[in-house]
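4 protein chains.
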Amino acid sequence: MDDLIKKIRKFREERDWDQFHSPKNLAMALIVEASELAEHFQWLTEEQSGNLPPDKLAEVKEEVGDVLIYVANLCDKLGINPIDAAHEKLEKNKEKYPVAAVLGKSYKYSEYK
Amino acid sequence: MDDLIKKIRKFREERDWDQFHSPKNLAMALIVEASELAEHFQWLTEEQSGNLPPDKLAEVKEEVGDVLIYVANLCDKLGINPIDAAHEKLEKNKEKYPVAAVLGKSYKYSEYK
Amino acid sequence: MDDLIKKIRKFREERDWDQFHSPKNLAMALIVEASELAEHFQWLTEEQSGNLPPDKLAEVKEEVGDVLIYVANLCDKLGINPIDAAHEKLEKNKEKYPVAAVLGKSYKYSEYK
Amino acid sequence: MDDLIKKIRKFREERDWDQFHSPKNLAMALIVEASELAEHFQWLTEEQSGNLPPDKLAEVKEEVGDVLIYVANLCDKLGINPIDAAHEKLEKNKEKYPVAAVLGKSYKYSEYK
Chain A
55 MDDLIKKIRK FREERDWDQF HSPKNLAMAL IVEASELAEH FQWLTEEQSG
105 NLPPDKLAEV KEEVGDVLIY VANLCDKLGI NPIDAAHEKL EKNKEKYPVA
155 AVLGKSYKYS EYK
Chain B
55 MDDLIKKIRK FREERDWDQF HSPKNLAMAL IVEASELAEH FQWLTEEQSG
105 NLPPDKLAEV KEEVGDVLIY VANLCDKLGI NPIDAAHEKL EKNKEKYPVA
155 AVLGKSYKYS EYK
Chain C
55 MDDLIKKIRK FREERDWDQF HSPKNLAMAL IVEASELAEH FQWLTEEQSG
105 NLPPDKLAEV KEEVGDVLIY VANLCDKLGI NPIDAAHEKL EKNKEKYPVA
155 AVLGKSYKYS EYK
Chain D
55 MDDLIKKIRK FREERDWDQF HSPKNLAMAL IVEASELAEH FQWLTEEQSG
105 NLPPDKLAEV KEEVGDVLIY VANLCDKLGI NPIDAAHEKL EKNKEKYPVA
155 AVLGKSYKYS EYK
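Chains as they are written, first to last, in the numbering used here: chain A, 55 to 167; chain B, 55 to 167; chain C, 55 to 167; chain D, 55 to 167.
Check the hints yourself; a few may be wrong.
[Stated by the list, open to error] Pair by pair, the computed Cβ-Cβ distance ranges are: (1) B:Gly158 - D:Gly158: 33 to 41 Å; (2) B:Asn105 - D:Asn105: 24 to 32 Å; (3) D:Glu145 - B:His141: 45 to 53 Å; (4) A:Lys148 - D:Ala154: 41 to 49 Å; (5) B:His141 - C:Asp109: 43 to 51 Å.
Just so you know, the hints here were simulated from the structure itself, not pulled from any lab data. Nothing here was measured: the structure is a model prediction, and the numbers come from that model. Just so you know, even glycine gets a beta-carbon here, dropped at the ideal spot from N, CA and C.
So that you can see chain A by itself, here it is in the shape it has in the complex:
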C-alpha cells in the first residue's frame, strides 16, 4: 500500500492535478468508481455474481483498481493510513457484532442492533 500511495502521488503531481483533488472531490469520485464496480453486478443473481466469466472478472478487477486508487489518494490527502483504519474498524465491528448475538443472522434484519 505504501508503494501504491507513492506512485499515486507522483501520478497526480506530474499532471498538476492536486488542484482538483480536494478530499471532497476524491470522496465523490470514489462513489462514482464504486458504482461502476456495482454496475457489473446489478442485473445478476447473487449466484451469478460469484461465478463471473474470465472477461467479466478482468473488467471487475479494473474497477476494483480504480476504487482502491481513490481510497489511497484520499487517505494520502487526509493523512490517514487506510490499512490501520481498516484494522481499527474491524476491532470495533467485533464488539458491535458479537458472535453469539449475530451468528448466521443478517444483521440488519436481526433483532440485534
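Position chains B, C and D relative to chain A; hints supplied.
Below, chains B, C and D alone, put in the same frame as chain A:
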C-alpha cells in the same frame, strides 16, 4: 493487506455471514459505505474538506476503514489481489492520460478524452 | 411535481440554504440518499425485497421521499423539468432497446448493446 | 408522474424485464444512475456546477431522466406514490430543521442535530 484479508475472512466465518456476502451484496455494501464517507464532505467547501477538525477526521477514518474492509472482502470472494489491481490500473491510467496532454487540466472538461 | 418544487424552494429559502445548494452538492446529496434507500435492501434476497413488512416499507417510503426531494431541488436549480426529462429519456430507451432484440434478456449480459 | 409510471410499466412488460426488476436491483440501478449524474459535477467547482454550458446541461438532463425513471419504477413495484412520499418527508424535515435553529447554517456542521 494480506493480514487484513485473513482477519476479515475469520470475522465473516465466525459469524456464518458467508451466506450474505455474495459479490453482488458486497458491491452494494461498498457503495453504501462510500456514501457514508462522502456524507461528511457534502456540505463543506473543497477547502474545508482539506482542513477537518480532529473529531471529524476520526469519524472519516472510521468510514475509510469500512470502505477498505468491503473492498478487501469483495476481493477475497472474487480471488482478486486489490493492490495488484490498483497498480495495474495506475499503469493503464498513465497511458490514458499522458502528462503532456492533460497537464493542469481537469480531464473531464479538457478536449482530451 | 410543480407543487412539490414550489414547497422545496420555500423550504430552502426560509432556511437560507441556497448557499449550500449548488448543483454539485445536491448531486452528491442525492447519491447519499439513494444509498440510504439501497441500504434497506442490501442483505435481502431479491424475493425478500419485494415482500417488505409494513414497518420496513414505511422506512423505505421516507428514503424515497428524500431522493425525490433532492431530484426536484437539483432540477429547480438547473432549470430542468424532471418529468419531461424522464419522458424524453424513456423514448430514447425504446430505440436503444428494441423489443425484438432484448426480449427477456438482461441487457448487460445479452449480446445486444 | 402517473402517466410516466404507466409508460414505464408498459416498457418493462413489453421487454419481459420484470424478472430483473426486483426492488433490490432497482435500488442498485438507481444509485448507479445517480452516480452517472454526479460524475458530471465531480471535478467542477460549485460555481461551475451552476453554470453548465448547454451541451453539458443536455447530458445532465438525460441522467436526471434515468434517475427519475428508476425512482418511478421502484415505487411502482413497491406500491409507493413518490410525490406523496416527498410531500410527507418535506413535512417531517420542516419539524426536524426549524427555521430559527438552522437559519443559514449547514445542518451537518451546526450545533443543531
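| query | Which of the listed hints are broken here? | reply | The structure breaks none of the hints.
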